[in-house]
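Number of protein chains: 4
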Amino acid sequence: MRLILSVLILASPIAALAQTPSAATKPEVVQYHATIDVVKYVYGVAPPVARLRPGNILEANSLDCFGNGIRKPGDTLALAKGDNPLTGPFFIEGAEPGDTLVVHILDLQVDGNQGIGAFAPGFGALNETNYTPMLHTPLPEKIWFYPIDHADNTATFQALDSNYNVKIPLHPFLGCIGVAPTNGEARSSVVPAEFGGNMDAPEVSAGNTLYLPVSVSGALLYFGDGHAAMGDGEIAGTAIEVPMKARLQVDVVKGKRTNWPRFENEKEIMAAGIYRPVDDAVRIAFTELVAWIHADYGLSELDAYELLSKVGKIHLTEMVDPNYVVVASVEKKYLPAKKTSK
Amino acid sequence: MRLILSVLILASPIAALAQTPSAATKPEVVQYHATIDVVKYVYGVAPPVARLRPGNILEANSLDCFGNGIRKPGDTLALAKGDNPLTGPFFIEGAEPGDTLVVHILDLQVDGNQGIGAFAPGFGALNETNYTPMLHTPLPEKIWFYPIDHADNTATFQALDSNYNVKIPLHPFLGCIGVAPTNGEARSSVVPAEFGGNMDAPEVSAGNTLYLPVSVSGALLYFGDGHAAMGDGEIAGTAIEVPMKARLQVDVVKGKRTNWPRFENEKEIMAAGIYRPVDDAVRIAFTELVAWIHADYGLSELDAYELLSKVGKIHLTEMVDPNYVVVASVEKKYLPAKKTSK
Amino acid sequence: MRLILSVLILASPIAALAQTPSAATKPEVVQYHATIDVVKYVYGVAPPVARLRPGNILEANSLDCFGNGIRKPGDTLALAKGDNPLTGPFFIEGAEPGDTLVVHILDLQVDGNQGIGAFAPGFGALNETNYTPMLHTPLPEKIWFYPIDHADNTATFQALDSNYNVKIPLHPFLGCIGVAPTNGEARSSVVPAEFGGNMDAPEVSAGNTLYLPVSVSGALLYFGDGHAAMGDGEIAGTAIEVPMKARLQVDVVKGKRTNWPRFENEKEIMAAGIYRPVDDAVRIAFTELVAWIHADYGLSELDAYELLSKVGKIHLTEMVDPNYVVVASVEKKYLPAKKTSK
Amino acid sequence: MRLILSVLILASPIAALAQTPSAATKPEVVQYHATIDVVKYVYGVAPPVARLRPGNILEANSLDCFGNGIRKPGDTLALAKGDNPLTGPFFIEGAEPGDTLVVHILDLQVDGNQGIGAFAPGFGALNETNYTPMLHTPLPEKIWFYPIDHADNTATFQALDSNYNVKIPLHPFLGCIGVAPTNGEARSSVVPAEFGGNMDAPEVSAGNTLYLPVSVSGALLYFGDGHAAMGDGEIAGTAIEVPMKARLQVDVVKGKRTNWPRFENEKEIMAAGIYRPVDDAVRIAFTELVAWIHADYGLSELDAYELLSKVGKIHLTEMVDPNYVVVASVEKKYLPAKKTSK
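Residue numbers (numbering that gives the first Met the number 0), protein chains in the order written: chain A, 0 to 341; chain B, 0 to 341; chain C, 0 to 341; chain D, 0 to 341.
If you're looking for bench data, these hints aren't it; they were derived computationally from the structure.
Where hints are given, some of them may not hold.
[Stated by the list, open to error] Here are some, though not all, of the chain D residues that point toward chain B, as calculated from beta-carbon distances under 8 Å:
id : residue
1  : V41
2  : G43
3  : P47
4  : F144
5  : N182
6  : R186
7  : V215
8  : P276
9  : Y296
[As the list claims (entries may be wrong)] In silico DSBU-like links for lysine-lysine, alpha-carbon gap of 30 Å or less:
id : chain 1 : residue 1 : chain 2 : residue 2
10 : C       : K25       : C       : K80
11 : D       : K312      : C       : K332
12 : A       : K141      : B       : K338
13 : B       : K141      : B       : K80
14 : C       : K312      : C       : K332
15 : C       : K166      : D       : K337
16 : A       : K312      : B       : K255
17 : A       : K312      : A       : K166
18 : A       : K312      : B       : K338
19 : B       : K71       : A       : K332
20 : D       : K166      : C       : K332
21 : A       : K255      : A       : K332
22 : C       : K266      : D       : K337
23 : D       : K80       : D       : K166
24 : A       : K337      : A       : K25
25 : B       : K166      : A       : K266
26 : B       : K338      : A       : K337
Where a beta carbon is used, it is the ideal one built from N, C-alpha and C, also for glycine.
Extracted from the complex, chain A is given alone in its bound form (with noise of 0.2 Å):
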């Protein structure tokens, strides 16, 4: 059984990374296909659409944040088809609560040729929202369209008020991607939270692996919300807003569990930090990423303190959403071996 194999060479999460399970045999392929008829906008226990076992490839695509309802100049918000709309959830076999989901990213292709940017009054880090409102005029509604090279890999920033335009290079990665959440919680698809959900994190692109907590049987796990490029916070709370395609491989570590969302690749090791401020996310980054050294690398916890002071990496991906979320990292070149598995 290929899920009891896969516990037995695991020794933690992390350990998924190098040795994907299924390196000798081709991995199976599930393929889905998502339309606004099937997108669910919150995470949480619902019909699976699919099942996945843990070694298998997912190649799925999502809608844009927008529901793919904004087109062409002239478009308004008031056309968009929901907010994030998400595609799945997809039930993975054998993940229960306790263990840990391993997601590889694989691929990503942006899946079309147009992305979007909006400003949406009530919503950025430079004006009045839901969560801080003020007593101004909102600013005005506004949206860029940025057409997409697919042959020189970039998306074209074209300002509204004069008649400037420049190349963005892509860096496609998956706004919202995230299980169900635990105690029987059911969250829109705007929040991101422990159990990952609207990170923005630029962190969920080609090459690196992701671990997210699982708080049901079979995980359920959903994505969406394509971005093709953002800055580091988000802003004015778009990235350039895509429809995507992508390709998956999930994995299953059993009897471990994440608090928050992880992500790791072949040089860094990376813990989320999740809520507002942004003070507090930075604090729950941290403490995982000391909690990671010391149970996985053997330093003391104030030995791994001392060292992110003077190693450690802080991405601020988002500072729009209902939570805040920050990325801690550092390079494993700076750590000791990893523990061998007992």
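Model the placement of chains B, C and D on the given structure of chain A, informed by the hints.
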């Protein structure tokens, strides 16, 4: 007269970058040696230790943040001679309130063979502090010593609780650099604020130019708190703390004032935001950057906001001092041509 | 039909206060008894335990926040049966999304002879928590028992580390009261948010009326977490926790929706703001109060802002739950006459 | 010698309350009249305008926060003569660093027949400010005039956008009162911090005693910014701003230092916490209150924490100045007998 000349040719603070005012003739060099007996602990009005004219180069040293009082294993923080002793102040001829002081960071060299990292109770991002107090027993004081290898340009972290060590590349910068504040205020050398100060910003490194608001005649420039390397956030409360040799060239932009510290190099413009919580520091930094782009590069404010949401960067330099510091930046390649001076 | 009648006579949510819709005839009373087997731990859509019509009075009990699982010295928090078990949900006939649910708090009685205060590691304003984590050793778990004296209406604090005791007057209120959230969300019973929930607001006491936004058919009212008395901020994480007997009268305001919970009594109008940090909770509460005064009492927004700056009140009810809760209020004597309904 | 006598009889800061040191003999009165020509705008070291001995009573006036520069409808904020002009400093004989300055607020009288409320762009809790900047068009400047009726002890709010007016009871207090800061700092008169300053605390009213940390010889007491009445949070940025006549009695507690301002009256002890966000101000205030109860009333820290969770009070005095101010308090009736002095 150099000063008047520079006024004529400088259209805005950032114009100072391209042409250092004394390109034609060899700039005058002023040398100064700081000792523990003449350092200051406050950014404010004090008798200058030397006077510089615009275009002059200052060659001076700074003590480490402990006043060079901690030397060897067994020493304790009680031996520190104040916090962040400052070299200066330097009086800049012609700098008057309403002007901007320009500091080109030409060169920084670690002045010694050892750096120090310390964990001080009541200071740090993951423990209780004076401003985020809690009822726990404080974490214990600890000191790490970092041998500096000038040949391979590294410092070595040696764990205290295991025998692990690792080399860290040097990135020398000044944790403290600032001028006398506005409104007759005088601020401790541990504080960062509008006048600069304890920004702990790796951006204060060779190759970058710093802009500071002039609030008193002569600006009164101070610096200190040399860092050999530091992680984002300086989360445990210290970098690799070192004495430093600095080579700085000063200039003045007459009649233009920056509200907050700004940085610039050939590739980027960078605006600092300094306050608590981090959220507000981010807001300050990005509104400054939007204003800068609007004023000097001609994009409308909303176009600038949108563009930064796609290509802006956020660097949280420290989250441990009385105020927190964020540097928001954008690469010039994404901006229109700079507006020519009138 | 009662419901239609109440629509006709209610000009705005707060009109519900003066005339309970069934003043003329004796209101119908619905009785319900909650036990540990039927409580809920989530505000969301679930089969109702009973149905109420507008004007009905509900008489029901709630378990304490530990599910009545902690009984005597020596018991530990491990005996708690979940956090904040909720009585409900109650389906309110005629309540539809876009309406406002009105809950008159008629009477609350402590249902037992003992209250409990507990210090749980990871919870509290002056110690590390899940969302403000630190590296310290956590404070130890401790439990205080408070004998209730129904005759003199007091609870008695007995110090654990000395032989001091003191009587505290009872002010019974419900720490939890809320409805199903919007957008298909389901939220844990420890969370306060737009839908009410774990507001820990002493304003939920006899004599006050609470307004909540209806997001699903029937509103689905839950309550629990009785408190015999509590300090501002609930800083150590608990009030004097008790089972409660509640007598509540419900009503519905058709076609008007409150964004956030509101309270009212003969003397005051009160708006809740719920988020982190406290700063944003204050902003939410006061923008709501400004809007309320503008809409129902006719002052301009800036006049209302100015007046509140002179006579407004802020009550920080709790600063320990996943969101923080502030109630902003103003006495009606400072307001113009309420606008008459059209 | 008075000073030595007072040292002998004072066991702790709060002992100063019960017996004013000069109860037996009539205290000496020092009178001082402030004008716009001699006010200060910074808390720091400056030549004293008068000297007081412990036990002396100071009778002095203060200008309003606009330097009495705004007089009648049509005047604008541009006529203000600085922000918060301060009367002082007063040198208190015998006060040395490490001591606590005691200020009994004996009497405060509004010095005039009119108060002013103003809405200044860039200042306030519900609009963008220097430290929470946004991209909106700022709210417009507005000024409200409040006639003072000394006979019935009220001020009258007159709406600008409708013809509504209402009387507001006077509660005169000093928005500013403080001493020279530590570490050689000098702080603007708009700032509240450890040294007191612009706390905008209604607790600075007749009948209360204020304790401040002495950081320089003579303490150097300043005051100003009289308020006839104010709402919690001072949310629009002003109270009813008035010139004031103050009657203050000073004393010194030798060899004991308070970290933050504290207040006391016959019924309560109160500790101020001053920082951003409000969350941290609350943490400061309550850790101070826990420490005070532990030191002077003998409860263990955890018992004090628990008790305050049941009976503590929080007053958010202002959320508009560069730092925010919270006063945490508890009624003495809930505390053990005060420990006797040794």
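Quick rundown of the hints versus the structure:
no.: 1; hint: V41; verdict: 4 Å, holds
no.: 2; hint: G43; verdict: 7 Å, holds
no.: 3; hint: P47; verdict: 17 Å, violated
no.: 4; hint: F144; verdict: 28 Å, violated
no.: 5; hint: N182; verdict: 5 Å, holds
no.: 6; hint: R186; verdict: 6 Å, holds
no.: 7; hint: V215; verdict: 13 Å, violated
no.: 8; hint: P276; verdict: 5 Å, holds
no.: 9; hint: Y296; verdict: 17 Å, violated
no.: 10; hint: C/K25 to C/K80; verdict: 38 Å, violated
no.: 11; hint: D/K312 to C/K332; verdict: 25 Å, holds
no.: 12; hint: A/K141 to B/K338; verdict: 25 Å, holds
no.: 13; hint: B/K141 to B/K80; verdict: 17 Å, holds
no.: 14; hint: C/K312 to C/K332; verdict: 14 Å, holds
no.: 15; hint: C/K166 to D/K337; verdict: 18 Å, holds
no.: 16; hint: A/K312 to B/K255; verdict: 35 Å, violated
no.: 17; hint: A/K312 to A/K166; verdict: 28 Å, holds
no.: 18; hint: A/K312 to B/K338; verdict: 35 Å, violated
no.: 19; hint: B/K71 to A/K332; verdict: 27 Å, holds
no.: 20; hint: D/K166 to C/K332; verdict: 9 Å, holds
no.: 21; hint: A/K255 to A/K332; verdict: 25 Å, holds
no.: 22; hint: C/K266 to D/K337; verdict: 38 Å, violated
no.: 23; hint: D/K80 to D/K166; verdict: 28 Å, holds
no.: 24; hint: A/K337 to A/K25; verdict: 28 Å, holds
no.: 25; hint: B/K166 to A/K266; verdict: 16 Å, holds
no.: 26; hint: B/K338 to A/K337; verdict: 53 Å, violated
Hint compliance for this structure: hints 3, 4, 7, 9, 10, 16, 18, 22, 26 are not met, and every other hint is.
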